[in-house]
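All chains, full assembly: derive it from the sequences and hints.
Given next are the chains, with one letter for each unit.
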Amino acid sequence: MKIVVAIKQVPDRDAPVRIAPGGKWIDETDLQWAMNEPDAYALEEALQLKEKNGGEVVALSAGPERTGQTIREALAKGADRAIQVVCDDLGTRDALGVAKLLAAAIKPENPDLVLTGLQSEDIGLGQTGVIAAELLGLPHATLILHVEKTDAGVTVKRELEEGWFQSIEMPLPAVLTMQSGGTKLRYATLMGIKRAKTKELKSVTAAELGADAAPVVVLEQIALPKKQKSTQILPGSPKEAAAALIEKLKTEARVL
Amino acid sequence: MSGILVILEERGGRIRSSSWEALAAALKLGPAQDITAVVIGAQTAALAAEAAAKGVGKVVRVEHPLLAPYTADGYCAALEQLLQNQGPTQVVFPHTYQVRDYAPALAARMGQSLIGDVVAIEDGAVFTRQLMQGRLNANYRHSGNGPCFVSTQAGAFRADAVDALAGASPATITTFTPNLDASQIRTEPGEPFREAAQTVDLGSAQRIVSVGRGIKEEQNLGLVKDLAAALGAELAASRPICDNGWLPMERQVGSSGQTVAPKLYLAVGISGAIQHLVGMKGSQCIVAINKDPDAPIFEVADYGIVGDLFEVVPALTETVKAAK
Ligand SMILES: Cc1cc2nc3c(=O)[nH]c(=O)nc-3n(C[C@H](O)[C@H](O)[C@H](O)COP(=O)(O)OP(=O)(O)OC[C@H]3O[C@@H](n4cnc5c(N)ncnc54)[C@H](O)[C@@H]3O)c2cc1C
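So the sequence lines, in the order shown, correspond to chains A and B. If you read the first sequence in full-length UniProt numbering, its first letter stands for residue 1, the second for the next number, and so on. If you read the second sequence in full-length UniProt numbering, its first letter stands for residue 1, the second for the next number, and so on.
Hints in this document: simulated from the structure, not taken from any laboratory. Hints should not be assumed to be uniformly reliable.
What the hints assert, rightly or not - Here are the simulated DSS-like cross-link-like pairs (lysine-lysine), alpha carbons at most 25 Å apart as the crow flies:
1. B/Lys321 x A/Lys250
2. A/Lys2 x A/Lys227
3. A/Lys250 x B/Lys225
4. A/Lys227 x B/Lys291
Written as C-alpha cells, this is what we have:
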C-alpha cells in the first residue's frame, strides 16, 4: 500500500502568540515550531499500516524553508521519502488554495491512501483533506481514529459527537482525515534520525505545480478576542489565592 | 443570484438546536423573508413542518431514498444540484461533525472555500472565526463571484433570535428531488455505536474537578484526585488526558465526550478549546487555574488563579481540608 501523509508545521502549542505588525498574521520571530498533532497521528497510522501490509509512506508538506525540520522529523519516525512544496504564501491562500497545492503534488504519486490530520492547530479550518479528496476525485472520510485494510479497500472507525462511533467501509484509493488519540505516537529513534539524512527529500515550488493562488476567502485582520465575561482573578501567593478562592466559593458563589 | 440558504441538520427526527443557531446567524445577513431553510434526507416532511413554523421565507425539502443514511457523496451531489437550482448568495451551515465532513467538498465543487466555525458576523458580511485554538480572532471576507459558504460555531449565535420570528404564518414548503444514483455513493457507513458501558454519570455531578494537559504526567494526577476528594467532587478531564489513557473516556468533557453542568466546575491546566467549552460552559460557577493569563478558559471562568498548578492545587487541597 502506498500512502501519502500530508503534514503541516504549526507554532508549538506552548509558544506565546503575538500579532505581527499589520495585523494579518502572528509574529513568527523566535517562534518554536512543531508537527501539527493530528498530522502526527496520521503519520503514525500510515506507519502502522505499512508495518502490517507493506508498501511505502511518503510525507508531504507545504510551507516555507523551515518546514524542512518537520519533514525530517517525519522521515526520522519512519516515512520512506518526502516531498516539500516550497511556498511562502501559505497564510494568504484559502483552504481551497492550499488543497490545490497538495492535490497537485499528490496526483502524480497515485497513492492508494492519502492521510492527513483533521485540522491544523493554528488556522484550524479542518478542510484541507476533504477538499483535496474532492479535487482528486476520491472518496473520503473524516474524524478517523483507526484504519483497517480489507480485501475491498479499508474499514475505518469514525468518531461521532458525544462519545459515539461508526464504522465505514470504503474502496481505495481514498482520503482520510485523522483525529488525535486513536493510537500511541512513536518517538524518533537515534537510528531513525541518522537514517533520515539519507532519505529522498524532493522539493517542488508552488509555481511548478501550477496551482493558482487567488483566494476566494481573504483574512483581513487578526486581533485578540474581546473578553465577554469578567473573571475575578485572585491575586497573591498560591496560598493566599487558594484561601481567597475557597472563601469566594463559599460566601459569594455559594457552591461549597 | 439571490437569497440565503440555511442547511438544517436533524438528530432523532428533530432539527438540532445548532441548526437554529445557524438560522439566527443568517438573520445577520438578510431579512427572514430572504432565507430559505433546507431540510435534507430520505423522509423530511416532519422536519420541514418544524422549520416552516419558524417564520422563514421558504422551506425546501431535499428528499431522496439515497440520502439516508448520511454520506458525504450523497449530500454533496444533492446539495450541488439544489445550489445550481437556487443560486443563493450565501449558504449557512451549523458547524457539526457532519458539516465538517461534506461542506468543504461541496464548496470546493463550486469553486468556493467555506468560512468555517464562525463566531460572529459583522456588518458588510465580515465573518469572525478563531485561530490558534481560540487564542486569536480573525476577520474574513468572501470575494469574487459565487455563493459565500459559512458555518457557525455551536453556541456562538442565539437560537432564540429565531423564535422571535415564529407566529407569522408558516412558510411555504416545496420539495426538490435530486438526481442520485447508488453508484455515486462510494462509502458504506455502519450504525453508530458506543464503546463501553457508562459507569460514571458526570451529568448529575454537583462539583467537578477537571484536569488538562497542564498536569504533564500521569503520575501527577494524584494532585487533582486529592483536590477532588477534599471537595467531594467527581474527577473529569480534557480529551488529551483520556486519549493518553490516563483516565477513562467516560470522564472526558466536551463535544466528543460528556456535557456537564455542575454547580462548580474547576478546570486545572485546561486551555479552553471550543470543543472543551461546549461541554461545560453551562456550569453554574467556573473556576480556572492556568499559568497562561491569556488562556481562553478565562473567557468563561467566574474565578481564576493565574499560576503554576503544581503550587496552586496543593494549596487549595490544604485550605479545603483545614476548613473542615
Ligand atoms: C473534532 C474534535 C473534537 C474534540 N473533542 C474534545 C472534547 O470532547 N473534549 C476536549 O477536552 N477536547 C476535545 N478536543 C480537543 C481540543 O481541541 C483541545 O485540543 C483540548 O481540549 C486541549 O486540552 P487541554 O486544554 O488539556 O490541553 P492544552 O490545550 O495543551 O492546554 C494545556 C493548558 O495547561 C496550561 N498549563 C501548562 N502547564 C501548567 C502549569 N504548570 N500550571 C498551570 N497551567 C498549566 C497551559 O497554559 C494550557 O492552557 C477535540 C478536538 C477536535 C478537533
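Hints and how they fare:
no. : hint                : result
1   : B/Lys321 x A/Lys250 : 14 Å, holds
2   : A/Lys2 x A/Lys227   : 48 Å, violated
3   : A/Lys250 x B/Lys225 : 21 Å, holds
4   : A/Lys227 x B/Lys291 : 18 Å, holds
Hint compliance for this structure: hint 2 alone is broken.
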